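One letter stands for each residue in the lines below.
Number of protein chains: 4
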Amino acid sequence: MAKVTLNDYELNYEIYGEGEPLIFLNGIMMSTLSWRPFVDFFKDYKLIFIDLIDQGSSSKGKEGYTQDIHVDMLEEFFNKMNVNKVHMLGISYGGEVAMKFALKYPEKLYSLILSNTTSYTNELMKDIEDIWAYAAGTYNGRIFFKATMPYIYSYKFYEENAKWLKDRENLLVNSLTPEWYDGFIRAIRSASTLNITEAIETIELPTLIIGADLDVITPLPYQEVINKKIKDSRFVVIKDSGHASMYEKPYEFAALVNGFLKNYDKKINII
Amino acid sequence: MAKVTLNDYELNYEIYGEGEPLIFLNGIMMSTLSWRPFVDFFKDYKLIFIDLIDQGSSSKGKEGYTQDIHVDMLEEFFNKMNVNKVHMLGISYGGEVAMKFALKYPEKLYSLILSNTTSYTNELMKDIEDIWAYAAGTYNGRIFFKATMPYIYSYKFYEENAKWLKDRENLLVNSLTPEWYDGFIRAIRSASTLNITEAIETIELPTLIIGADLDVITPLPYQEVINKKIKDSRFVVIKDSGHASMYEKPYEFAALVNGFLKNYDKKINII
Amino acid sequence: MAKVTLNDYELNYEIYGEGEPLIFLNGIMMSTLSWRPFVDFFKDYKLIFIDLIDQGSSSKGKEGYTQDIHVDMLEEFFNKMNVNKVHMLGISYGGEVAMKFALKYPEKLYSLILSNTTSYTNELMKDIEDIWAYAAGTYNGRIFFKATMPYIYSYKFYEENAKWLKDRENLLVNSLTPEWYDGFIRAIRSASTLNITEAIETIELPTLIIGADLDVITPLPYQEVINKKIKDSRFVVIKDSGHASMYEKPYEFAALVNGFLKNYDKKINII
Amino acid sequence: MAKVTLNDYELNYEIYGEGEPLIFLNGIMMSTLSWRPFVDFFKDYKLIFIDLIDQGSSSKGKEGYTQDIHVDMLEEFFNKMNVNKVHMLGISYGGEVAMKFALKYPEKLYSLILSNTTSYTNELMKDIEDIWAYAAGTYNGRIFFKATMPYIYSYKFYEENAKWLKDRENLLVNSLTPEWYDGFIRAIRSASTLNITEAIETIELPTLIIGADLDVITPLPYQEVINKKIKDSRFVVIKDSGHASMYEKPYEFAALVNGFLKNYDKKINII
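Protein chains in written order, with the working numbering: chain X, 1 to 271; chain Z, 1 to 271; chain B, 1 to 271; chain G, 1 to 271.
One copy or two, it doesn't matter: identical chains are merged, so the pair holds either way.
Straight-line alpha carbon distances no greater than 35 Å define the calculated DSBU-like cross-link-like pairs of lysine-lysine that follow:
no.: 1; residue 1: K163; residue 2: K62
no.: 2; residue 1: K231; residue 2: K163
no.: 3; residue 1: K231; residue 2: K104
no.: 4; residue 1: K163; residue 2: K228
no.: 5; residue 1: K229; residue 2: K166
no.: 6; residue 1: K156; residue 2: K228
no.: 7; residue 1: K163; residue 2: K229
no.: 8; residue 1: K166; residue 2: K262
no.: 9; residue 1: K266; residue 2: K85
no.: 10; residue 1: K62; residue 2: K3
no.: 11; residue 1: K156; residue 2: K267
no.: 12; residue 1: K3; residue 2: K262
no.: 13; residue 1: K46; residue 2: K104
no.: 14; residue 1: K266; residue 2: K166
no.: 15; residue 1: K166; residue 2: K228
no.: 16; residue 1: K126; residue 2: K60
no.: 17; residue 1: K166; residue 2: K267
no.: 18; residue 1: K239; residue 2: K163
no.: 19; residue 1: K156; residue 2: K104
Simulated from the structure, these hints should not be mistaken for laboratory data. Computed from a predicted model, the values in this text were never measured in an experiment.
Start from the sequences and build out the full structure, keeping to the hints where you can.
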């Protein structure tokens, strides 16, 4: 763990290994810790894990920001760290930020990896956002858990990992602070107005889109939209997985990322 | 609206038309009112709408009952009303009760119609149950709405009916009472232990199973299980619909029910 | 069986029952005989089964016609039979003719029922058309059967009805004549240029669209297109069925048709 | 191109690069040439392309063999080439051979990659086999093309690559010899009796299963069966692709293989 100061904010980050930089943008409840089990799987890259504002050990944000704040902060972060160009992987909320970054600073990216994300916060997501914000505002881990997890994990994962989920619930209950919950609420509100479906047509980066067949919060049709809009995209679906595909199917997830990165800029001559 | 007294309880019911009786068992939040728009669509039957204990205008239940209480009360209701045999249609919670009824009193049924239901309350449903119960316990309609509706309606329906949903939210906020919420909590708890997947193999009634491709709370695989277990079943899927298929796609829903009932007991000689 | 003479052609038809007329347009290999097992299922209508040119016992066609010939011949047929208005049900090839009829003579239709059909003969269908035409040209029933049936029935149906399919193969081998095969070739060529995807936007008839999840020749996306284009459509999917949904799932098929017709022109007031 | 002699047969093979050996077992119509465009994508491995008996430039087989002949010949081939252990990738027919090899010589394998394949030749496949064999027996490339390609490529690929498919048809017409067609017929017959669904439960190798959502000849449910039976499997689906996923979606295909191989034997500690 290390910190970098950017204006009023401190961002928490971790760096592992050597190679082309590969940065991981967290889903809304995740932190740099979420990626540690994957370090050994991505040996060929310089891995950058980072907590965005209001995530993990980074600074808390101010009321009313949008996801754009992360975009500019990431750019400053790269400058400060002397990182010229990265592969950018974003999950859910992190994928939304990654697309926004690709629109503003395409020259900083080798490629884009978008997992279980959307280009548009739809009406249903807004209601989910409201209940998640409400649950966070109770500062009660059990309520927060029940309000969020059924959207995050598939019914199959629930059936097969009941004990693990119960342990995780207990962990959450004991570890999350009022400050964390307040940050979560600001973060989720920052995505309310997302609508870049038309804008992303201009993205020309090699892009991997990872979907999951049981994802109910960013269901496959939303990723099909991204796939249609971004020209140079590949689209693969992890079977029997919900929204948190990196947790439900870590082997498949890591395989897709590694395999894509291996040849992201090569052309094959078949057709 | 009429009432019938059974032991300590009063059940609210409505009856329309003439013909073989067709009874409608409500989903957990529904009442006899939910079916009124359909009266004109089911002209060939004697329609019986009924509020189960803790639904609509029927009596409130006592703490700790299971869905079995409804089964016996329905049987008493039929006796009292001189109804010998019915077609039984159940949605979600009502479908669970209908299967339980079919297991105990098969001789009272001509046929079974099961819409968006399950034979098993899985681990994920239990967490949803918890957050729904919690939200009900706040006696706050807005919270209750946000906690429940994203599971009930599909993202497509949300996009296309934003205003209608907002109106409905306002209606809910103004009309639901603490007594209603308490009843809702008891009702949802009464389904916690449901597991009749093996038992329903003995059902021999002609059965129609209606699923919806975007149903996230009782997804298609749960209805496929019912389809496999019940011998004489037909299985049809309404496209672009979530859990509340009767509201999202009323024409398709009514067509399936009418068409099934038309020939439920006839055999065709093709294969 | 009866015949009516229209210019140079004789059309074979059968009529059953009383009520609003419901006409069945065959899939390419079907005939009026295919519908007989369904007579008892559609008691409320005056059923009209008809063989189009080059089908069943109707006249053979001349080289080079398109599906338009059927459209005008149906209109003449209705005039001659004093039929003013019908419900028109078409399967596959018959569904294509039905849509074309709806475009030219909408005033003759109460409603439209389209099963496992397409508004566009795509590149893949053209190759299938070629091999079917080739197989027909061998006048060898076994070859014709193997070339066509794997597209018509789902792998599930094949597994469960191996003996029935073998019997059917033997039937085909013994009954089809060179004249029939020649007619089949003309008929299939008559659909080569079908492309009415844009045109059908103008159809305002109440329309039922029946799809099947395992249909590989007119897969669901083609029926989704029809559903999007025709305003007043309902769309339902029969589970575990291939292209020949009327044979694979006759109960579901008949239920959908009866249920739709029951209330095709009524409006429900839910949303 | 090189040849190795094993008893009465000569096998054609090609070898590229350095690293752990990765052998590619062709689909039934493929040859070592099919893999050449991929060489540059699999830089980290010693690539072994091989034509099985009756494929490409290898010897022709004798009447009546089954896929077992390939299994033993591969084992002899490895011995002769001083190859101790390989990653084995098989597509369709090649995947069937790969599973059979894994059952008999598991100690020779690091891992298994199965693309668009099946553990069981079902009734529908047998009819397709018959028409393919018939079409091959005409020695007419155009007929063979029309009989086979609509099963191999998805309707989407057909729409988007009409010209490429036409060119390929012309190539086929001009290049395939009667001897090739005879070999094709023997090869396809060698898979008729395949049924190892129960047997593969004993496979303990790390296994990647690649399916495609529009594959109509080995549809996803057949790969779900393999996924359930083999313990240590990962299952990923390529979107918008038919049976020939390596051709339709070469980037996704190569990414899955590379990514899987990168960490096939590592364990991650999340759950």
